[in-house]
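Asker: One-letter residues, chain by chain:
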Amino acid sequence: MLHVEVWRGTEQGHLQEFAVPRREHQTVLDVVTEIQREHDATLAYRFACRVGMCGSCAMVVNGRPRWTCRTRVAAAVGSGDRLRLEPLRNCTVVKDLAVDMTRFFDKWRDAGGVFASEQTRDDDFAVVPPSSPQRQAADAGIECIGCGVCYSACDVVAWDADYLGPAALNRAWTLVNDSRDSRNAARLDAVSRRGGCEACHVHMSCTTFCPKGLAPTYAIAGLKRAMIRHAFGARDAKSVAPE
Amino acid sequence: MTRLSAALFVAQRLTAAILAFAVTVHLATIIYAVRGGLTAAEILGRTRHNGWFLALYLVFVLAVAIHAPIGLRNIAREWTAWRGRSLDVALAAFAAMLAVLGTSAALALFRA
Amino acid sequence: MMPASHRQPGFLAALLHRLSGLALAAFLPLHFLVLASALRGADALDSILVVTRHPLVKAAECGLVLTLSLHMALGLRVLVIELLPWRERTAAAVSLCLGAALAVGLAFLLNVP
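Residue numbers (the working numbering), protein chains in the order written: chain A, -5 to 237; chain B, 534 to 645; chain C, 42 to 154.
Keep in mind that the hints were calculated from the coordinates and are not lab data. Worth double-checking, as some hints may not be accurate.
[As the list claims (entries may be wrong)] Some chain C residues near chain A, calculated using beta-carbon distances under 7 Å:
| hint | residue |
| --- | --- |
| 1 | Gln49 |
| 2 | Gly51 |
| 3 | Val119 |
[To be verified] With beta-carbon atoms standing in for the labels, derived distance ranges:
| hint | chain 1 | residue 1 | chain 2 | residue 2 | range |
| --- | --- | --- | --- | --- | --- |
| 4 | B | Met630 | A | Val121 | 56 to 62 Å |
| 5 | A | Val45 | C | Ser136 | 34 to 40 Å |
| 6 | A | Lys206 | B | Met630 | 44 to 50 Å |
| 7 | B | Arg616 | A | Pro15 | 49 to 55 Å |
| 8 | B | Ala553 | A | Lys206 | 33 to 39 Å |
| 9 | A | Arg174 | C | Ala101 | 58 to 64 Å |
| 10 | A | Ser125 | B | Phe554 | 34 to 40 Å |
| 11 | B | Leu537 | A | His19 | 50 to 56 Å |
| 12 | C | Ala101 | B | Ala629 | 24 to 30 Å |
| 13 | A | Lys206 | C | Ala133 | 19 to 25 Å |
| 14 | B | Ala629 | C | Ala144 | 32 to 38 Å |
| 15 | B | Val592 | A | Gly227 | 20 to 26 Å |
| 16 | B | Arg616 | A | Val45 | 42 to 48 Å |
| 17 | B | Leu537 | A | Gly46 | 38 to 44 Å |
Quick caveat, the model's predicted, so the values are computed rather than measured. Here a beta-carbon is modelled for each residue, glycine too, at the ideal position from N, C-alpha and C.
Can you build the whole structure from these sequences, using the hints too?
Answerer: Printed below as a string of structure tokens:
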């Protein structure tokens, strides 16, 4: 038997305990789904694809932010039998295990995480060599699906409400390195202000917990270098990865 | 457009690089100097009228006076409720105090 | 329950870096004042230095050396991550910083009478 503590309520609430049979190859998503279907239909939680593509199921499992669909119970509990399920940290709790991601995506926008180009359909195709250092730097971060695990893991997000966070900054870095993008001056400005890349203290929790194996720490480092260069007069906002 | 946060970040990293050099010299000097005990005569013998010492330690003092308050600012803003103008003013005063005390210490050892 | 982020080596490194910096910032004004006593002559400085012969003070001095070297080692790690293309194995890198700082502390202990 698994002893599962589940957060109920909003910011104020309590942990409710359930007993769920252990099954072979069980994932944490299997467990929370069984609780909601068999034990307490009022439990609120999110999932969609259930195969590790959408990131909807992200929550905190035994203190660690992860995707429940890609977390085997065996991996989460080790030799024990206790699971603790809590909503993602640093987001307002809507109900139980479901959080409000609005602020997360607002910061995405505020960091300049939106592509913009001045080219039109009359211009020729943009030529982007895939092996160029800039494209490689962009490709290293482009797989982000906005699941919020890094945001939940980040202590600076918890300590500083202004901090844009690893996902937003990682996205900004991919666009800084996108040769087709035209809004780099504004983007660099956005990540150079208070709460931008300067707030990152290299704890590296984002890189440790990203389920896609991305490394926001190094994307943010790239933004820091761009910010330093800009401070010393470099007018070219496009920064090249040091590799 | 220079923003305070970006300028402070750059200043922090720049002074960190300067301090890496100064602190290495300082630690090496400490470990060498404590051998056989520490006396004022020994210390002053090294620092008195030593232009290189004065130059290095004035740079050291200036770098620390910039570096430390910026770090303290982050701690205050992230771990306490103190932020804004009053914090910045207090830290600027702390920076000035470090600069003044440090300079007078370096000069004291130079002129002794 | 402590969040998993607090059980990572990167967090430990950041925490030690921050706390050591705080300690150094608190110590510095005192340090400068002691040195400035040299303005009143070598005897004034000596009378303060005599205090440093006490074993507890020596332990405190060793602690200071450790704090300074730790802050520098961990700070250099941050500079490397931010400015160089190396990808680190965090636990190993942090261990290296701690080891280097301890080595400096040991060097001090071996040289202080």
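Asker: Evaluate each hint against the coordinates.
Answerer: Right, here's what the structure says about each hint:
no. : hint                              : in the structure
1   : Gln49                             : holds, 5 Å
2   : Gly51                             : holds, 4 Å
3   : Val119                            : holds, 5 Å
4   : B:Met630 <-> A:Val121: 56 to 62 Å : holds, 57 Å
5   : A:Val45 <-> C:Ser136: 34 to 40 Å  : holds, 37 Å
6   : A:Lys206 <-> B:Met630: 44 to 50 Å : holds, 48 Å
7   : B:Arg616 <-> A:Pro15: 49 to 55 Å  : holds, 51 Å
8   : B:Ala553 <-> A:Lys206: 33 to 39 Å : holds, 35 Å
9   : A:Arg174 <-> C:Ala101: 58 to 64 Å : holds, 59 Å
10  : A:Ser125 <-> B:Phe554: 34 to 40 Å : holds, 38 Å
11  : B:Leu537 <-> A:His19: 50 to 56 Å  : holds, 54 Å
12  : C:Ala101 <-> B:Ala629: 24 to 30 Å : holds, 27 Å
13  : A:Lys206 <-> C:Ala133: 19 to 25 Å : holds, 23 Å
14  : B:Ala629 <-> C:Ala144: 32 to 38 Å : holds, 36 Å
15  : B:Val592 <-> A:Gly227: 20 to 26 Å : holds, 23 Å
16  : B:Arg616 <-> A:Val45: 42 to 48 Å  : holds, 44 Å
17  : B:Leu537 <-> A:Gly46: 38 to 44 Å  : holds, 42 Å
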